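**Q** Just so you know, the sequences run in chain order A and B.
When we follow the UniProt record's numbering, the leftmost residue of the first sequence carries the number 1, and every step to the right adds one.
When we follow the UniProt record's numbering, the leftmost residue of the second sequence carries the number 1, and every step to the right adds one.
Note that these hints are calculated values from the structure, not bench results.
Owing to the predicted nature of the structure, the values given are computational and were not obtained by experimental measurement.
Be careful, since some hints might not be right.
[To be verified] With the C-beta cut set under 8 angstroms, the calculated list includes, among others, these residues of chain B facing chain A:
id	residue
1	L106
2	D196
3	L197
4	R220
5	V252
6	L288
[Claimed, not checked] Simulated coverage check for chain B against chain A, where a stretch passes if three residues somewhere in it have a Cβ under 8 angstroms from a Cβ of chain A:
id	segment
7	8 to 14
8	95 to 105
Every residue gets a Cβ at the ideal spot worked out from N, C-alpha and C, and that includes glycine.
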Amino acid sequence: METLGTVRRPVRDLRPGDHAWLGYVSQEERRHVVGAFVRDGLLAREKVICLGAGDELVPGVVGPPPETLLTVVPPARLCGGDGAPDPGTAMAALAAEVAAAEALGFRAIRVAADLTWALRGADGLDRLLCCERLLEQTARPSAQVTVVCQFDRAACSPDELAAVGGAHAVLVDPDPEFEDLVLRITRTFRPRGLALSGELDASRHMVLDQALAMVMAGGHGAEIHLDLSGLTFIDLGALNMLAEVAARRAGHALVLDRMPAQLRAVMETVGWSMLPGLRLGVQG
Amino acid sequence: MSEAFSHRVLPYGGVEEFLAGALPFLREGVAAGDRVMAATCLGSEMLLRDALGAAADRVEFVQADTWYAHPSRTLADCLARAEEAAGQGRRLRLLGEPVWTCRAPLEVLEWQRAEALANVALAHTGARLLCPYSARVLPAGVIAGARKTHPETVRGAQAVPNPGYLDPWAYNAACDREPLPPPPEHADGMRIDLVDLYWLRAYVADFARQTTLPEDALQRLLVAVTEVMTNATLHGAPPIHLRLWTEPAALVCEVRDAGDWNGGTGFGLLPPPSDGPGRFGLWAVRLLCSHVQIRTGRGATVVRLRVGLPPVRVTESLTAYPA
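With these hints in hand, go ahead and build the complete structure from the sequences.
**A** Okay, structure coming up:
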């Protein structure tokens with residue numbers, strides 16, 4: 001999926017010429033990542049073109065969509081003469097929108113394209129790679145166009161995902177929920193939770209609390225994982241806070257994944273019995 | 001459990017007196033189905049095994065120097081075992097011979113304090129504790145002190161009340177009556193006005209890395225300092241001063257502020273109740289450091305943390321941690 005040449009970039013670091021992809025595990029993940037991509041574009045008064053979004057609301061759009069900035073290419077315009085989605089038709093529709101935006105003088109154009117449809121049915125992968133070639137030709141030489149292709153992992157085989165990965169130079173990551181010189185908090189979706197890196201103490205308990213509340217709000221009571229591989233310090237107050245959050249979620253543990261050895265040594269000195277509801281997940 | 005908690009001292013002159021007190025205590029426990037433990041030196045263990053015969057298999061022997069490694073950790077271990085036994089409808093019965101020789105005066109004070117606090121911490125578990133004190137080996141002061149921290153003394157087959165027994169909290173307060181000696185002149189120090197403790201940790205880590213402190217102990221110290229400093233900024237009063245210095249075999253870190261703690265906080269001397277997450281700040285600080293001293297009152301609060309320094313730097317602990 002991730003090839004040697006793949007670069008991982010959070011949404012905010014995408015730049016014109018990037019042809020990026022996202023393999024989402026849930027609509028929550030798609031809304032989170034694509035929503036940021038669309039919202040950032042609209043706020044910067046850039047052109048946003050959404051492809052194959054169906055009838056649902058475009059993620060990242062609050063209130064009535066600003067018509068000149070946002071164009072949604074409906075599924076009907078992706079279909080060829082036989083009524084089935086067709087790469088040539090779809091890419092021609094997209095190219096027309098890009099050209100129109102360029103003519104209007106937009107300095108940047110964002111394309112958000114859910115291409116899961118292209119993989120459905122016989123010869124799906126060929127159809128998709130044909131799309132990707134056209135998108136690559138649109139984005140790569142451009143000083144204006146950024147493309148984010150999206151795929152529902154549940155609808156793709158491992159081979160298909162590998163091929164999709166090979167067709168993109170950039171893998172898009174979520175933007176951090178919080179970031180300063182000391183701490184970074186990022187959403188994770190496989191598994192659901194947060195990745196923490198840096199140092200966590202009382203100065204930043206509040207931001208962790210907010211990020212956790214947001215994860216729990218969408219979680220339907222499932223387990224929440226905290227990836228601690230990048231965390232170099234955690235204070236007792238934060239451990240207390242996590243234990244309290246776990247206690248409020250009765251029965252649904254907070255799982256601490258990849259806890260660095262020196263933090264684990266601290267927890268063992270303090271005693272896990274002090275921290276009911278917290279449990280160690282995968283290591284290393 | 002029909003009978004209540006007990007904590008008795010067994011002062012003994014020779015082997016006969018030791019066995020006369022310890023054997024009935026252990027045999028009674030084995031007969032009653034108690035969880036029976038003996039934390040003693042190797043010599044006492046051999047004596048006891050010999051005298052107990054087959055019953056020795058039902059006594060868990062642990063080495064005293066391992067068991068008595070750290071006052072708060074020992075108290076926590078003891079409490080965990082006592083509560084586990086109580087949960088099974090049993091009782092913990094511990095013959096515990098604390099290690100007194102080779103201890104610095106500060107450490108002796110902390111172990112005596114732990115003896116007193118055991119009366120509070122373990123009372124609800126119904127545990128039975130018997131502490132042999134050798135009159136031949138130990139200074140008279142240590143034995144006299146034991147009569148203040150143990151409600152009863154074993155004399156032959158009898159247990160008699162100690163008239164000198166002190167309320168554990170009164171004993172504890174007396175331990176902290178002496179003012180702390182001032183920090184040495186050469187101590188590194190800074191006034192803390194910044195709220196972001198990230199910089200404070202960088203400062204402490206820089207200082208510690210010039211000593212022989214291993215990385216894992218440094219991490220524990222940083223967690224402890226952060227907790228104490230968080231308390232000082234939230235509940236204390238400015239100005240807050242941090243001081244660092246080394247003593248033979250110890251790194252000392254002191255946090256001083258101009259606030260008074262109100263009484264009844266317990267200073268983290270007892271573990272928080274295990275049923276549910278409680279705030280365990282100062283209790284955890286004690287577990288993380290070798291030794292903690294707290295003085296508060298008259299417009300100043302001082303918390304002094306000590307961590308043991310090995311004579312030479314151990315670098316393996318660095319490579320033992322995967323990145």
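**Q** Does each hint fit the structure? Answer for all of them.
**A** Outcome of the hint check:
Given the 8 angstroms rule on beta carbons, the hint for L106(B) is violated: about 21 angstroms separates it from the nearest Cβ of chain A. With its C-beta approaching chain A no nearer than about 5 angstroms, D196(B) sits inside the 8 angstroms limit, and its interface hint holds. Hint status for L197(B) relative to chain A: holds, with the closest Cβ pair at about 5 angstroms, below 8 angstroms. Among the interface hints, the one on R220(B) holds; its C-beta lies about 6 angstroms from the nearest C-beta in chain A, closer than the 8 angstroms criterion.
Annotation: interface hint on V252(B) violated; nearest CB of chain A at approximately 19 angstroms, more than 8 angstroms. Given hint, L288(B) at the interface with chain A, holds; its Cβ is 6 angstroms from that chain's nearest Cβ, closer than 8 angstroms. With 0 residues having a beta carbon nearer than 8 angstroms to a beta carbon of chain A, the segment 8 to 14 of chain B misses the requirement of three or more and the stated coverage is violated. Counting residues of the segment 95 to 105 of chain B whose CB falls under 8 angstroms from any CB of chain A gives 0; the rule of at least 3 is not met.
In summary, the structure is inconsistent with hints 1, 5, 7, 8 from the numbered list given earlier, while agreeing with the others.
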